[in-house]
Amino acid sequence: MNPLDRYERLVDDPEAFREACDRPLPSVVRVNGIAATPERAREALDEEGVTYETVDWSDRLFRLPDGSPGTTWPYVHGWLHGQEEVSALPALALDPDPGDRVWDACAAPGSKTCHLADLMDDSGVLIGNDNNLGRLSALRHNAERLGVSNLVVTNDDARNVSLDSLGIDGLDGAVADVPCSCEGTCRKNPDVLEKWSLGHVESLVGIQKGILRRAIDLTRPGGEVVYSTCTFAPEENEAVVDHAIETTDAELVEWDAPLDTSPGVTEWEDQQFDESLRKAHRVYPHQNDTGGFFVAKLRVGDEDAVEGVSA
Amino acid sequence: MAENDGQRFDRLPATPDEREIEGRASREEVVDWWTERFGVDPETFDGVTFWEKGSGKIWAFSADLPSPLRAEGLGITVLRTRQEHWKPTTTGVKRFARDATKNVIELGPGEAAAFAAGHDQQLDRWDGDWGYLIAAHELAGQLEPIGVGLYLHGELRSRVPKGYQEELATLD
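Sequences listed follow chains G and D, in order.
For the first sequence, the tail end lands on 325 under my numbering, and the numbers increase by one without skipping.
For the second sequence, the tail end lands on 194 under my numbering, and the numbers increase by one without skipping.
Just so you know, the hints here were simulated from the structure itself, not pulled from any lab data.
In this text, a Cβ means the ideal position worked out from N, Cα and C, and glycines have one as well.
Treat the hints loosely; a few may be bogus.
Derived, one-sided and incomplete: chain G residues facing chain D with beta-carbon distance under 8 Å [stated by the list, open to error]:
hint, residue
1, Ser72
2, Ser137
3, Arg234
So the derived label-pair ranges between C-beta atoms look like this [what the hints assert, rightly or not]:
hint, chain 1, residue 1, chain 2, residue 2, range
4, D, Gln164, G, Asp135, 44 to 54 Å
5, D, Arg179, G, Lys209, 40 to 50 Å
6, D, Ala139, G, Ser276, 40 to 50 Å
7, D, Asp27, G, Gly213, 43 to 53 Å
8, D, Ala139, G, Arg23, 13 to 23 Å
From the derived model, a few chain G residues whose C-beta atoms are all more than 10 Å from chain D [said to hold, decoys possible]:
hint, residue
9, Asn16
10, Arg54
11, Ser101
12, Val139
13, Asp183
14, Asp205
15, His257
16, Glu281
17, Asp288
Turn these sequences into a full structure, and let the hints guide you.
And the structure:
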């Protein structure tokens with residue numbers, strides 16, 4: 015079966031949804047604020063005669079209709095980084111401050127991590143973790159290329175990692191951009207739809223819950239955690255977040271997404287989710303001509319709430 | 023003195039007097055080196071800590087953490103020490119020496135493209151120091167470092183690492 019059939023009843027316009035999923039994805043770059051301003055990056059692209067259009071919801075994202083940015087001067091200088099529009103959402107949702115202590119649970123190959131560093135003005139401590147040693151070299155290469163100097167790279171299982179050796183006893187923020195069935199990347203990798211199975215989805219859910227749980231546990235009271243995936247499957251999205259808010263003192267918070275989204279769902283097949291799941295965002299490809307995405311922002315309970323739980 | 027453990031990150035001592043590991047550079051020497059060689063403002067490194075992992079490889083990190091530290095990466099590599107002529111890295115130059123005032127060689131459009139592709143070239147016009155230079159070119163109204171070159175006997179040898187080499191357009 016094509017897994018996209020499952021979601022037709024969730025979207026406002028199933029035909030537009032399916033058409034968008036069949037189209038290839040535009041090539042997009044993000045301006046790396048550590049190295050250049052959007053104005054200077056635009057000037058460099060103009061000098062080189064590269065065609066681009068600014069994405070209408072961000073002056074830091076450009077679409078390149080002619081394809082890859084890899085062989086342009088501003089790219090080689092680390093002013094630009096190839097990154098899908100929707101993959102800018104986790105860092106924007108967390109919105110870290112300079113000087114913060116932030117953990118990126120599943121960081122490789124590093125597009126979202128480097129975006130976090132940019133928003134932190136390359137200051138504070140950003141821990142980029144990935145359990146896949148082979149993918150860490152891509153993370154390190156991207157971070158060095160973009161001039162990210164606030165990053166500690168670790169190779170741990172995100173579900174039971176400790177930050178004690180870094181002297182960190184409570185994070186200001188965390189991003190759990192977890193491994194998923196990746197249906198939302200079908201415009202880039204149509205294979206994901208052919209390989210899809212409900213069994214695979216079910217095998218991922220336990221890992222997703224474990225990583226989100228650890229992100230919440232490592233974050234200080236009042237700190238924030240962003241959970242994201244590139245799948246439409248409610249099993250991997252709302253169900254995982256619903257489990258987290260039921261079993262921890264974290265709760266969903268409102269976040270104004272900068273592009274068109276749909277609210278998280280509160281029921282799926284025979285499951286019911288907390289009403290607050292409506293604060294999560296679903297991004298369908300036909301809404302903004304992007305990949306598919308899910309993002310939820312949570313706040314860890316305040317000091318009083320934590321004491322109340324432990325009492 | 024103890025020997026260097028190349029498998030972990032150790033914060034550099036503040037000054038040579040506080041050195042506990044044989045042959046390890048100090049923070050003071052590293053900052054002085056960037057100032058003397060390239061005219062980098064020492065304030066560029068305010069809040070930056072320096073670490074050694076591997077033999078002589080120096081990493082710059084924008085905050086502080088407990089030392090020693092076991093991790094797969096910490097900030098960016100900036101310098102290779104424990105050799106007669108310390109060697110800056112391409113990534114170090116691009117991150118910390120964009121305002122360099124000394125030993126910067128400005129390349130024309132064709133020269134810049136050749137340098138970025140990793141080619142060595144004869145450049146007799148340079149009458150400054152030999153050794154490691156910052157190769158830069160003008161882009162979008164300002165000088166931008168491309169990477170590190172080694173200048174010897176009238177030749178500028180590109181030291182851009184293979185993974186960063188690209189065939190780029192010659193800008194008019």
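query = Hint numbers the structure violates, sorted upward?
reply = 1, 3, 4, 8, 10 and 12
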